[in-house]
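In order, the protein sequence lines correspond to chains A and B. Whatever position you read off the first sequence (first residue = 1), add 17 for our numbering. One point on numbering: in our numbering, the residue at position 341 of the second sequence is 335, and numbering is uninterrupted.
The set of hints was computed from the structure by calculation and includes no laboratory data. Source: prediction; values computed, not measured. Among the hints, erroneous ones may be present.
[What the hints assert, rightly or not] No more than 27 Å apart at the CA atoms, straight line, and that leaves these computed lysine-lysine pairs for DSS-like:
| id | chain 1 | residue 1 | chain 2 | residue 2 |
| --- | --- | --- | --- | --- |
| 1 | B | Lys37 | A | Lys166 |
| 2 | A | Lys33 | A | Lys235 |
| 3 | A | Lys166 | B | Lys(-3) |
[Stated by the list, open to error] Sample of chain A residues at the chain B side, in silico, Cβ under 10 Å:
| id | residue |
| --- | --- |
| 4 | Ser122 |
| 5 | Ala170 |
| 6 | Thr172 |
[Stated by the list, open to error] Selected chain B positions facing chain A (Cβ under 8 Å, derived; list incomplete):
| id | residue |
| --- | --- |
| 7 | Pro21 |
| 8 | Glu34 |
| 9 | Gln76 |
Beta carbons are placed, not taken as given, at the ideal position from N, Cα and C, and that holds for glycine.
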Amino acid sequence: MNAPAIAPALTAQDFKSDYKPVWCPGCGDYTVLASITRALAALQLRPEKVAVVSGIGCSSRIPAYTTCYGFHGVHGRALAAATGLKVARPDLTVLVAGGDGDGYSIGGNHFLHACRRNIDLTDIVMDNHVYGMTKGQPSPTTEPDWKSKLSPAGTGLREFHPLVIALAAGANFIARAFSGDPSGTAAVIGEAIRHPGFSFVEVLSPCVTFRPEQRAWKEAVHPASVAATDDPARAARRLMTDDGFNTGVLYKGTRPAYSAAAGKTTLHPADLEKDFAL
Amino acid sequence: MLKQIEGSRAVAEAVALSRPEVVCAYPISPQTHIVEALGEAVKSGALAPCEFINVESEFAAMSVAIGASAAGARAYTATASQGLLFMTEALFNASGLGLPIVMTVANRALGAPINIWNDHSDAMSQRDCGWIQLFAENNQEALDLHLQAFRLAEELSLPVMVCMDGFILTHAYERVDVPAQEQVDAYLPRFAPRQVLDPAEPVSIGAMVGPEAFMEVRYLAHAKQVQALELIPGWADEFRRAFGREAGGLMHTYRAEDAETIVVALGSVIGTIKDTVDELRAQGVGIGVVAITCFRPWPLAAVRAALVNARRVIVIEKTLAVGIGGIVSNNVRAALPGSGAAVYTVIAGLGGRAITKASLAKAFADAIAGRLEATTFLDLDRQVVERVLAREREVRRSGPIAEAVLKEIGPVAARPG
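Put together the whole structure using the sequences plus the hints.
Below, the structure is given as structure tokens:
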């Protein structure tokens, strides 16, 4: 191996690929991408030690915009694909990135079971309460009275509460961030990555094209007034009663993360490195 | 009434005129405009009574339609591509249960790699799932086939898939004749389901069937589709009498009567093929077209009758059965035992690649000259393929195939052509 013994520290820029995002101007996902790359740099990770897995949707384009390993899979199956990837390569930091459509409707079942399984993954859901890629239909987190072509009178359905669902299903870390606060979002994502087990980060990320009124979220968000609890019952009460704009780490559980049985993993980084030796 | 409207809206109008009682909606390009237009029709009261459900996935869309249809409601949904694949389990369920659901498939490629453009891979992947499959050549036919689809589905108690080319038809604005409600009501009677929830005869739908009866149930599904082959031409005649235009049927021919060379295809590419054939006819080439409308059930006898005197048959298909080549062409071959005709498979237009008259004319000329390979990939860039294969021979860890091809052709934006 010719690599230097101590690699130079990387910056957020080192985690950004040459691909220019195709998101709309003003999309919240730009700052989520910036927050992810800042968090990875702050944790002194390296791109080859990180995999970013996604499904389908605007926000699911994120893997290609990073220099990490990227996997852009089937709609709704990002968490399942990430589960396979993580058990095959437990040495990698695995991030799952997507939106409220991919995460809560078509992929909703995997969300429940990823929380329950508690594998060491970080699931970042950029929630804009709308299907943006298909041009503006209601998602599970859309307000019941929001009018669109597909639901001209609103859906009339109560919106999902993803954080409460995550808690009930067994997620070990639950946080909410706002894309308009890149420093806060980077800090939350960093803490989520460090916390063992399944970490769920809901990022309020406005869709300025189909939900322009979400520009007002910057006035609505406020940091949580109390520190994260490790008590599920207390967390449940807080999550059930918050206004949906309470940001920060809200729950840090103590469940041990799922661990692949020692010695069963077939792929060892050292073996892989041997193949690449010059 | 003549209207200049988008193909999706023409289909939505046809569906609304057919008075479905339950519509399941989940957005996926290039189908979304259809269910959006139906959502508006329900909200405005133009379509009533109708329950419009925003579902959480395509799997849910088909499953909700199954529940509604089993309860005796006229049910409709629409999808495309990955959405159709995601419903696969429910598709077999709907046809196995004999539920007359009508669904639009806005044909689109299947991933990986991700591609949103048109080809027929989605519908062709489900050709044996027990649904009747009709393919529209243009937007008027797309509208008309939906009216016929409800009739067909409900008479036979079988689900019907109406396929229309994604973007090429769904997003094209064309003049279409939208019939009046009274005309449609006269053509499409009130739904009289063969199975309903009947308190006088309570039954559990979908229960287990063992080896003693499973074969008979499956045979009856096949027999019903074969029965459709006899009924569909008559319904096309009836449609012509009611609406004054040709639509539907099993297939139609174009300048094929004395043709030594016949081109077979389905969907919107038939227009391009007809134009190409006109130009070749002007040069004295004896060439014609067989345009398939009904792909399942496969109109074996009608195809045989139309092709039996041809010396060569060129099948243009927008799908690839990996490992064998053609799908439509193999169905054509099944119709032509002993005819002596050469059957060529031409795979074209995958993932939205444009099918041009020039490329078609060259393929037809090559076939006539005996130069066309039995399985041909129209406008395939062989150099790129060879370079990728050469690299695979040299490098064990050659990486993801799609990324290797993209590297070879250099940086591109979305380039549908």
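Hints versus structure:
no., hint, verdict
1, B:Lys37 <-> A:Lys166, "10 Å, holds"
2, A:Lys33 <-> A:Lys235, "26 Å, holds"
3, A:Lys166 <-> B:Lys(-3), "21 Å, holds"
4, Ser122, "4 Å, holds"
5, Ala170, "5 Å, holds"
6, Thr172, "6 Å, holds"
7, Pro21, "4 Å, holds"
8, Glu34, "6 Å, holds"
9, Gln76, "6 Å, holds"
Hint compliance for this structure: no hint is broken.
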